[in-house]
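Asker: Below are the chains, spelled out letter by letter.
Protein chains: 2
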Amino acid sequence: MFDFKYFTPTKVVFGKNTEAKVAELIEEFGGTKVLIHYGGGSVVRSGLLKKVTDTLDAAGISYVTLGGAVPNPRLSLVYEGIKLCKKENVDFLLAVGGGSAIDSAKAIGYGVANEGDVWDFYDYKRKPAACLPLGVILTIAATGSEMSDSSVITKEEGLVKRGCNSDYSRAKFAIMNPELTMTLPDYQTACGCTDIMMHTMERYFTNGGNMEITDALAEGLLRTVKKNALILYKDPKNYDARAEVMWAGSLSHNGLTGCGNDGGDWMTHKMEHELGGLYDVAHGAGLAAIWGSWARYVYKNCLHRFKKFALNVMEVENTGTDEEIALRGIEAMEDFYRSIEMPTNLRELGVQPTEDELKDMAHKCAVGVGGAKGSAKVLDEAAMLEIFKASM
Amino acid sequence: MFDFKYFTPTKVVFGKNTEAKVAELIEEFGGTKVLIHYGGGSVVRSGLLKKVTDTLDAAGISYVTLGGAVPNPRLSLVYEGIKLCKKENVDFLLAVGGGSAIDSAKAIGYGVANEGDVWDFYDYKRKPAACLPLGVILTIAATGSEMSDSSVITKEEGLVKRGCNSDYSRAKFAIMNPELTMTLPDYQTACGCTDIMMHTMERYFTNGGNMEITDALAEGLLRTVKKNALILYKDPKNYDARAEVMWAGSLSHNGLTGCGNDGGDWMTHKMEHELGGLYDVAHGAGLAAIWGSWARYVYKNCLHRFKKFALNVMEVENTGTDEEIALRGIEAMEDFYRSIEMPTNLRELGVQPTEDELKDMAHKCAVGVGGAKGSAKVLDEAAMLEIFKASM
Numbered sequence: 001m002f003d004f005k006y007f008t009p010t011k012v013v014f015g016k017n018t019e020a021k022v023a024e025l026i027e028e029f030g031g032t033k034v035l036i037h038y039g040g041g042s043v044v045r046s047g048l049l050k051k052v053t054d055t056l057d058a059a060g061i062s063y064v065t066l067g068g069a070v071p072n073p074r075l076s077l078v079y080e081g082i083k084l085c086k087k088e089n090v091d092f093l094l095a096v097g098g099g100s101a102i103d104s105a106k107a108i109g110y111g112v113a114n115e116g117d118v119w120d121f122y123d124y125k126r127k128p129a130a131c132l133p134l135g136v137i138l139t140i141a142a143t144g145s146e147m148s149d150s151s152v153i154t155k156e157e158g159l160v161k162r163g164c165n166s167d168y169s170r171a172k173f174a175i176m177n178p179e180l181t182m183t184l185p186d187y188q189t190a191c192g193c194t195d196i197m198m199h200t201m202e203r204y205f206t207n208g209g210n211m212e213i214t215d216a217l218a219e220g221l222l223r224t225v226k227k228n229a230l231i232l233y234k235d236p237k238n239y240d241a242r243a244e245v246m247w248a249g250s251l252s253h254n255g256l257t258g259c260g261n262d263g264g265d266w267m268t269h270k271m272e273h274e275l276g277g278l279y280d281v282a283h284g285a286g287l288a289a290i291w292g293s294w295a296r297y298v299y300k301n302c303l304h305r306f307k308k309f310a311l312n313v314m315e316v317e318n319t320g321t322d323e324e325i326a327l328r329g330i331e332a333m334e335d336f337y338r339s340i341e342m343p344t345n346l347r348e349l350g351v352q353p354t355e356d357e358l359k360d361m362a363h364k365c366a367v368g369v370g371g372a373k374g375s376a377k378v379l380d381e382a383a384m385l386e387i388f389k390a391s392m
Numbered sequence: 001m002f003d004f005k006y007f008t009p010t011k012v013v014f015g016k017n018t019e020a021k022v023a024e025l026i027e028e029f030g031g032t033k034v035l036i037h038y039g040g041g042s043v044v045r046s047g048l049l050k051k052v053t054d055t056l057d058a059a060g061i062s063y064v065t066l067g068g069a070v071p072n073p074r075l076s077l078v079y080e081g082i083k084l085c086k087k088e089n090v091d092f093l094l095a096v097g098g099g100s101a102i103d104s105a106k107a108i109g110y111g112v113a114n115e116g117d118v119w120d121f122y123d124y125k126r127k128p129a130a131c132l133p134l135g136v137i138l139t140i141a142a143t144g145s146e147m148s149d150s151s152v153i154t155k156e157e158g159l160v161k162r163g164c165n166s167d168y169s170r171a172k173f174a175i176m177n178p179e180l181t182m183t184l185p186d187y188q189t190a191c192g193c194t195d196i197m198m199h200t201m202e203r204y205f206t207n208g209g210n211m212e213i214t215d216a217l218a219e220g221l222l223r224t225v226k227k228n229a230l231i232l233y234k235d236p237k238n239y240d241a242r243a244e245v246m247w248a249g250s251l252s253h254n255g256l257t258g259c260g261n262d263g264g265d266w267m268t269h270k271m272e273h274e275l276g277g278l279y280d281v282a283h284g285a286g287l288a289a290i291w292g293s294w295a296r297y298v299y300k301n302c303l304h305r306f307k308k309f310a311l312n313v314m315e316v317e318n319t320g321t322d323e324e325i326a327l328r329g330i331e332a333m334e335d336f337y338r339s340i341e342m343p344t345n346l347r348e349l350g351v352q353p354t355e356d357e358l359k360d361m362a363h364k365c366a367v368g369v370g371g372a373k374g375s376a377k378v379l380d381e382a383a384m385l386e387i388f389k390a391s392m
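Line by line, the protein sequences are chains A and B. Note that the numbering used here gives residue 284 to position 284 of the first sequence, counting from 1, and the numbers run on in steps of one. Note that the numbering used here gives residue 233 to position 233 of the second sequence, counting from 1, and the numbers run on in steps of one.
By construction, these hints were calculated from the structure, which means they are not laboratory data.
Simulated coverage check for chain B against chain A, where a stretch passes if three residues somewhere in it have a Cβ under 8 Å from a Cβ of chain A:
no., stretch
1, 205–213
2, 241–249
Chain B residues, not near chain A, derived (Cβ > 12 Å throughout):
no., residue
3, 51
4, 60
5, 79
6, 80
7, 323
8, 331
9, 339
10, 341
11, 378
12, 390
Where a beta carbon is used, it is the ideal one built from N, C-alpha and C, also for glycine.
Using the sequences plus the hints, can you model the full thing?
Answerer: And the structure:
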């Protein structure tokens, strides 16, 4: 196993009606002027935004609002948010929504707290040295951004999607009321469950260092999400299942399921980022569409982990060769994806890139990761292209 | 399931030679004058204390030292530490050791940062409103105090052992180098493993609210500690096993394995505190000596959880009635204790309380918990006495 750091300072307030505590939490962390950042109209239509502003009004906390964060959140809105914060002397960010609003808020936080162009941090040119304090009211269980150090932004020019990881952006608090996720379309719920599982699977399929306890936690988390994703597919209003998935989403990406390993593989994510930049597909669905092809390309190079996954997560029969067991696990995962109506290839995802577009995605991905990357297997541009092609 | 809060701000730096980072971590959290608090001579003999002071000297951080924290740490030393900190204008506490040094440091931190008698917080008369910032270099995997909100202190007068829980006392950082635990006597290693498992088991055996993901994490943690405790029994210098146990110790008591339940049972701990106050036995051994009697007294009232524990943690055969499976799980746990030379009753623990002493412990325990308490089963003074008697 490898040495590791673990830092999850986010104060989680989990349960029914917890959004009522937003003002006291902002005060606890010193916020006096808040930017409320959200996405589309759903938080307006559901009445959540009004509930939040009413609570802040009652507590005498002043605020400005900025909506419009879209899936694969855009750099232009980040610039707009930075400008607004500076103009209004905002000292605290409140993201109300899912990963898009949170990631966009983190980028705004970097932009306000650091000099220069915020895109530098996403373009790996510089590292942020600070971030405005951030609180979250989570409405979508998926990205885990509410407890993670991660933020992913898309630059419209060239449709470049890039991530920036820094502890400075970890939320001060995260309000998680599973009821707030109940109005989500079924497709988005399934995408969220996929993303959550993938955050742990990216950490699981590694050739560099593992801890038994990390594996045990990861496998338990994956089994729980799988089971509850199937419950939600049939019964989307099931509170307990919503809660299981929501908490799993945070634990899956706050670092817990990667302690002691080499940092994880992450190539399915990196390749999906290219897809998401180009086609604006739902992130979870994009991951599901690529994963099987990735897994079949790399599994022989990481056989002990794929076998363990097959037995302890997918609970397939323990007979035959290690390769047979590993392949059975990959098939079982794809069966699971299909059972919650997630795509297992690009066609099912609804996109049909041309040969040139495939090459372009592979090239941009390779450039983005600095040439070649991966832990289950190191992938270069040619390998990425092969996986993209296999996922057609 | 119940609503919950989860707050684990401690920055964990885990791995070989991580103690070399102590000065930069103290600086990161603003410490300028440090009290280094430790226990017996082992951190002196091992050279760890010198390594720490050399590192602080090199970084130009001034400090004072206070040794002498004993198992079941004493209030008199806490008072001495408070006096020293005030005299020396200490603004940061560094505990070097295990639970005794950490708990004692937390109490000192409360005493410095709040007016009045610090014992009030342990006697449930007042709640602390602050604590000096604390860092930890952990040398014993057991109490989980390095990430928990908990501190347990014994008042010499009347040998009263009481705990105080507050987020203010959560460590800013915890340096965890598994190699530092290798010089521990085998008995203390086994006691530590027991304490670690009990922190999760106290949270597991409940009648009030459960989450599947919490159960999955708890069961995975328990299986990991059980397996690695047996490895360490035969091979105490096994780095990987030391690391598994050390990280499990933190995760077992930072709140993770209790999310969504009613707060846990904790009666084995409460009863052991009386034993520890009176006899100064090792905490883990005291827990092991009481647990079986407690479990047999309560299991019928919490049958579904004892069955689940038997199957998913102790991995006993799934045949017969629920009661038979549950009892098989209790027996398997006791067998495990015996296999690492932990006691399963007071005689094996080496103490023989008189009838009056048993009554006195039950009475003090009942007073301490406010009359009656427990989740697997609510225990009053008479029930506590019965369990103490059964554990003879």
